[in-house]
Amino acid sequence: MRDYLRLLGVFFRISFQDDAAYRGEFWMRLLATLYALAAAVVGLWILFSNTDAIAGWNIYEVLILIGTFHVVGGVIRAVFAPNFQRITEEVREGTLDFVLTKPANSQFLASFRRIAAAAGLESVMGLLIIGYGISQLPEGSSLYTAFAFAFALSCGLAVLYSFWLVLITFVFWFVRIENVTQIFWALFDAGRYPLDIYPGWLRIVVTFIVPVAAITTFPAQGLAGRLSPGSLVVYALLAALSLYASSRFWQYGVRHYTSASS
Amino acid sequence: MKALAKSLAESVRALVRGYVALFRLSWAEMLQYRASVFLWTLWSLAGPIIHLAVWTAVIEAEGALQGYDRGSIVAYFIIQSIVYHFTGAWQAYEFSYLIRTGTLSVQLLRPFDPSHYIVANNVAFKLINLVWLIPIWTGMVLYFRPEMELTWQRALLFLISMSLSAILYFLWAHCWAMVAFWTIRASAFFEFTDWVGYFIGGGFAPIALLPGGLREAVVYLPPYYWTGFPIEVAIGAVEPGMVFTGVVVTSLWIVLLFLIYRILWRQGLKRYGAVGA
Chain G
1 MRDYLRLLGV
11 FFRISFQDDA
21 AYRGEFWMRL
31 LATLYALAAA
41 VVGLWILFSN
51 TDAIAGWNIY
61 EVLILIGTFH
71 VVGGVIRAVF
81 APNFQRITEE
91 VREGTLDFVL
101 TKPANSQFLA
111 SFRRIAAAAG
121 LESVMGLLII
131 GYGISQLPEG
141 SSLYTAFAFA
151 FALSCGLAVL
161 YSFWLVLITF
171 VFWFVRIENV
181 TQIFWALFDA
191 GRYPLDIYPG
201 WLRIVVTFIV
211 PVAAITTFPA
221 QGLAGRLSPG
231 SLVVYALLAA
241 LSLYASSRFW
251 QYGVRHYTSA
261 SS
Chain E
1 MKALAKSLAE
11 SVRALVRGYV
21 ALFRLSWAEM
31 LQYRASVFLW
41 TLWSLAGPII
51 HLAVWTAVIE
61 AEGALQGYDR
71 GSIVAYFIIQ
81 SIVYHFTGAW
91 QAYEFSYLIR
101 TGTLSVQLLR
111 PFDPSHYIVA
121 NNVAFKLINL
131 VWLIPIWTGM
141 VLYFRPEMEL
151 TWQRALLFLI
161 SMSLSAILYF
171 LWAHCWAMVA
181 FWTIRASAFF
191 EFTDWVGYFI
201 GGGFAPIALL
211 PGGLREAVVY
221 LPPYYWTGFP
231 IEVAIGAVEP
241 GMVFTGVVVT
251 SLWIVLLFLI
261 YRILWRQGLK
271 RYGAVGA
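From first to last, the protein sequence lines are chains G and E. Going by my numbering, 85 is the number at position 85 of the first sequence; the sequence numbering is gapless. Going by my numbering, 61 is the number at position 61 of the second sequence; the sequence numbering is gapless.
Here are the simulated distance ranges between beta carbons:
(1) R92/G to A9/E: 50 to 58 Å
(2) R17/E to R13/G: 52 to 60 Å
(3) Y35/G to L221/E: 15 to 23 Å
(4) W27/G to R17/E: 40 to 48 Å
Source of the hints: derived by calculation from the structure; they are not laboratory data. For each residue, glycine too, the CB sits at the ideal point set by N, CA and C.
Chain E on its own, in the form it takes in the complex:
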């Protein structure tokens, strides 16, 4: 029993050490390309700002829509830019490159699952960009004047639901990255799901504004939980009782996707070896 505890502690320590090293590596890579990284984040703000303007124009002409007035729609899209930043994941575009060029073989030789590298890289990107994103977000708040009630409780719930969203979307992207073991077009499929998710998950508009009762149909699907749900939690558009339900649904999707990822990874690796790389 003691030996088991000791070996467990040892492997946790090794994991932490590994993460620190990977994190440093990613950080250095990001700094090297800071100009591109900066422009990339600026680019990601375009969508939320454009749709903030579009929906503000609509609401100014029509009056409040499904409870969204000027102040709350502005809050929705500003928080959307925050959620998009913290939930981003792009490995589906890069993993097939690792497979095609055989770089994955090098990573497999390291005493560390390649997925850890992807996680470290993801977190480093999100942290380093805060240097300019926090001033930009502050500027957006001051300029567009969102209206929302900010309580500690709500902020905490927002942080929890957004963290879950980040894990959920990361796993979604990760599953599609694994599909690259079978087809080099995996990223195209991922892009397609992203595209559909943009409309049904609260990217283009809050799902309450979807026509024809579509809202009821999409409210349990994953895209809502990686975009719309955390935003609505922050601005108070989700009833208090439903917040808990949403957190549970997100967690269930996370468990399911994690299992799928593990299966795809095992099977894919067998296939990868079989090609003789």
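If we strip away everything but chain G, and leave its shape as in the complex, we get:
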């Protein structure tokens, strides 16, 4: 475990050094993050000048939801997406062999080697939005709701990580799978509003096929004090199950991977 934490630190340092060579990129990221923030604020302003609740969520609850959406979006852009992209490149070029022969867990290496720290700015912004949203909620949030939020968010991230791991594993069979990420982003975008507003089939897709509900609506519900301890237990079980299943699938994929040359 200590070794893996140390490895994670090394990966972070190397990625950071890589990024430091492209400082312009950092400023563009910052700008993109500010755009996203401004868009969220302007959108909310237009929406809530016409109503005072969307599917029963008031403006501050929706704000918390949008904050959560950006926290998660930042994690995806900083960790999941870059590693996914790297693996697809390596499978195409045949250099994945060097990764698989390293004396460390292959799933760990596949998931965390590349960390785009600048993209994490979006998560920071999301946390600030959440903080503001909480401060405006009528009754101060109790310790339990804060815990329910953090807990549901971690479970959601675990589910989402599993989802991306499955995507990565598919690269062994379908090299062009990266196109599928575009569909993911389209569906993920739906997570910026309470999922109750969507028609039934779309709700099913974003709850069960692409885990958008698990990462945005559920944690935000936790903050708004709408999550019972029972549902937290269910989330934890779901998260554990998805981690286990995706990990098995990865191992299966690695066993069937035949490199580029053979």
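Starting from the known structure of chain G, arrange chain E on it as the hints suggest.
Leaving out everything else, chain E in the frame of chain G:
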């Protein structure tokens, strides 16, 4: 006089021949990447569908807003997905690449203005995607049940105003593409204008729903004429007398942007040559 007419006919023929060739080329390129092209169009439907759902939820709770009820807001966003498809233009993201890598020099050697290639590519993309978009749009209409009166006259006015919108937005993107002669960040500026236009032009919501009388302020600006205006013409939210005004305003913007594009292109080309590429 006869000689002039003859040379004119000849150059028109050359232009048509050139376009046919460019169009074939673009078509073949699109077919090669059909999977990405398909997913890209699917992705572009996300925005309209999400906001269709959001505004439907708001209207179901509040009742009709500024004349928009459930049926007409659904119609608005379904037509928005059609308008977005036909008015798309993405050269601002690609042109700077042509300049940076010097590929533009190769295109300049051809006996054809590079802009023609961009037009052909744009039209080919819009046509090829209709193969799956028409069934998808039909499905959306059947599923979301928009309510609007469909008359021949209105359909015709919609086609005219949307065609003008497509030209307008294309020129807007084209001007920003030309800015790439001066800065490689041109596409970032373009993206910013797109972002502002999304809110003030009827992308996020019909401009009638903008708060604080903003509607009056944005109704003469270009973004409204490449998004909101053709949609409102289709669903009948524009008074008949104002349709003509809108068409005139769009045309004026088109003329202005075309002039700006020509100036930027001439000046930019001088600059491009001066770098020694």
